[in-house]
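Turn these sequences into a full structure, and let the hints steer you where they fit.
Protein chains in written order, with the numbering used here: chain A, 160 to 270; chain B, 24 to 134.
These are computed hints drawn from the structure, not numbers from a lab. Treat the numbers as computed from the prediction; the structure is a model and nothing was measured. Do not rely on the hints blindly, as some may be mistaken.
[Unchecked claim] Derived DSS-like pairs (lysine-lysine); straight-line CA-CA distance at most 25 Å:
1. Lys183/A / Lys64/B
2. Lys183/A / Lys227/A
3. Lys237/A / Lys64/B
4. Lys40/B / Lys91/B
5. Lys40/B / Lys79/B
6. Lys26/B / Lys79/B
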Amino acid sequence: DAGVIQSPRHEVTEMGQEVTLRCKPISGHNSLFWYRQTMMRGLELLIYFNNNVPIDDSGMPEDRFSAKMPNASFSTLKIQPSEPRDSAVYFCASSPYDEQYFGPGTRLTVT
Amino acid sequence: ELKVEQNPLFLSMQEGKNYTIYCNYSTTSDRLYWYRQDPGKSLESLFVLLSNGAVKQEGRLMASLDTKARLSTLHITAAVHDLSATYFCAASSNTGNQFYFGTGTSLTVIP
Chain A
160 DAGVIQSPRH
170 EVTEMGQEVT
180 LRCKPISGHN
190 SLFWYRQTMM
200 RGLELLIYFN
210 NNVPIDDSGM
220 PEDRFSAKMP
230 NASFSTLKIQ
240 PSEPRDSAVY
250 FCASSPYDEQ
260 YFGPGTRLTV
270 T
Chain B
24 ELKVEQNPLF
34 LSMQEGKNYT
44 IYCNYSTTSD
54 RLYWYRQDPG
64 KSLESLFVLL
74 SNGAVKQEGR
84 LMASLDTKAR
94 LSTLHITAAV
104 HDLSATYFCA
114 ASSNTGNQFY
124 FGTGTSLTVI
134 P
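So this is what it looks like as structure tokens:
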């Protein structure tokens, strides 16, 4: 298995632009997680899905952030409009139940 | 909400020395995980501890779990420079598939 796949790996955008991050979980895993990591705040859980259904989105910072999982093999995290404080590494992870497998991350820079 | 605390946050140790990283969590959880993150990289799973008294070892690292004390430890034996990284512990709730991460311990092994 190729593991969790995220794209793009790096994204540089200007403030106000829409950003879409993509994740393909490991086949057969029924849970998917989006995390954000910064030096100041550490690793934060943004949202997680179970069987494609959002279970807990309390970590989503504000309405500018949205996440979808239209099917078991694909999820997106969208930021619209983006702001410089959104600059971070965004990780996607998938889980069959008792262990999480992390993707390589997307490094987002908003100027 | 399950809270996870790690200490120390920063650890600088000499090669050849032993040390222990501690992970406390706030409510009942029977599943505890340890991850390693190298600078600029993703999180890599090290250990999955699924029951009270579980002990797992890989090379110079040994992890244990005491669910009664709500404590897990990661013991480093005869540290080498290659172990320099950030180590995270995470606990998952017994009622669901959500994972709660500690703040991480940044380990630097000095030659």
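(request) Would you mind confirming whether the straight-line C-alpha gap from Lys183/A to Lys64/B stays at or under 25 Å? (result) holds, 18 Å
(request) Sort out whether Lys64/B lies within 25 Å of Lys237/A, counting only the CA atoms. (result) holds, 22 Å
(message) Run the distance test for Lys183/A versus Lys227/A: straight-line Cα separation, threshold 25 Å.
(response) Satisfied, since the Cα-Cα distance of roughly 12 Å is no more than 25 Å.
(message) What's the verdict on Lys40/B and Lys79/B, does the C-alpha distance respect the 25 Å limit or exceed it?
(response) holds, 20 Å
(message) Run the distance test for Lys40/B versus Lys91/B: straight-line Cα separation, threshold 25 Å.
(response) At roughly 29 Å apart (the allowed maximum being 25 Å), Lys91/B and Lys40/B break the hint.
(message) Holds or violated: Lys26/B and Lys79/B, Cα atoms, limit 25 Å.
(response) holds, 23 Å
Going through the hint list in order, the structure does not satisfy hint 4, though it satisfies all others.
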